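The task is simple: from the sequences and hints, build the whole structure.
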Amino acid sequence: DGGITQSPKYLFRKEGQNVTLSCEQNLNHDAMYWYRQDPGQGLRLIYYSQIVNDFQKGDIAEGYSVSREKKESFPLTVTSAQKNPTAFYLCASSIRGFSGNTIYFGEGSWLTVV
Amino acid sequence: DQQVKQNSPSLSVQEGRISILNCDYTNSMFDYFLWYKKYPAEGPTFLISISSIKDKNEDGRFTVFLNKSAKHLSLHIVPSQPGDSAVYFCAASALGGTSYGKLTFGQGTILTVHP
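In order, the protein sequence lines correspond to chains P and C. Numbering follows the numbering used here, with no gaps: position 31 of the first sequence is 31. Numbering follows the numbering used here, with no gaps: position 44 of the second sequence is 44.
Since the hints were made in silico from the structure, they are not lab data. Hints are not guaranteed to be accurate.
Below are the BS3-like pairs computed for lysine-lysine, each with C-alpha atoms no more than 30 Å apart in a straight line [to be verified]:
1) P:71 x C:68
2) P:57 x C:68
3) C:5 x P:70
4) P:71 x C:38
5) P:83 x C:5
6) C:37 x C:56
7) P:70 x C:56
From a predicted model like this one, the values you see are computed outputs, not experimental measurements.
Rendered as C-alpha cells:
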C-alpha cells in the first residue's frame, strides 16, 4: 500500500540530545513537509522540500534541521537548540510543492523531553 | 501573524443536523483551500478542497463554500453523524509570495456530534 511512514511513533529525548524522526513515502511525491502540532493549536510548518537536494525553512525552523538526499525520505533532526521540542510531529507529502495540490499526512510522531 | 483563523474552538451538534465550520483568512494571495479532519494522535486526513475560481464544491455529505470578497470559507456537513466527531482544520496555499508551496493551517475546531 502507498503511504507515508513515520518512525518512531513515540520518542523520548533527554535535555541536550539531538534526535532524528524518520519519514518515508512511497507515493512518488516530489514535495515533502514537516509540521509540528502543540496541544490545542494548529499545525505549524517547520521545513519543506519541493525537490530532492533542496529544502526551505518554514515558519518555525529554529532548532531543527532536515536533509533530502532521496525522493522517498525526509528526516527531521530536533537539535538541542530547540528549546521546547515536546510536541506531535507530522510529516506530509504532495505531488508537487505548489498551490493546488493536496498534501497527505503520516500518522505522526510524539516527542517528549525528559 | 495568524493568516488562517478558525475562531470557534468547538462546535456541538445533534446527529442528523447540519454542522457548519467556519474559517477566515487574511492573505489575498491564497488561492487554494482545504479541509482536514483529525483524530487525536493521528495524522490529518484530507476531506475536501476548493480552488479560488470556484465558490462551492461538494463531495457527498461535505460541501465547502468560498466567499473571496469576505476572505471566508465554510464547511457544511449534512447530515452530521457521530463518526464525524473530530478536530477540523482549514488550510490554505498560495500561488506565490511567502506562502508559495506550503499549507498554512488554522487552529482547528473540535466538532462533537451527539447521538
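Results for each hint:
The hinted pair formed by residue 71 of chain P and residue 68 of chain C fails the criterion: a straight-line CA distance of about 36 Å is larger than 30 Å. In summary, the hint linking residue 57 of chain P to residue 68 of chain C is supported, as the alpha carbons are separated by about 29 Å, within the 30 Å threshold. Proximity of residue 5 of chain C to residue 70 of chain P is assessed by CA-CA distance (about 35 Å); at most 30 Å being required, the pair is judged violated. Among the hinted pairs, residue 71 of chain P with residue 38 of chain C is consistent with the structure: their alpha-carbon atoms are about 26 Å apart, no more than 30 Å.
Restraint check for residue 83 of chain P and residue 5 of chain C: the C-alpha separation of about 26 Å stays at or below 30 Å, so the hint holds. As the CA atoms of residue 37 of chain C and residue 56 of chain C are separated by approximately 19 Å, the hinted pair is consistent with the 30 Å bound. Taken as a hint, the residue 70 of chain P and residue 56 of chain C pair is broken in the structure, with Cα atoms around 38 Å apart against an allowance of 30 Å.
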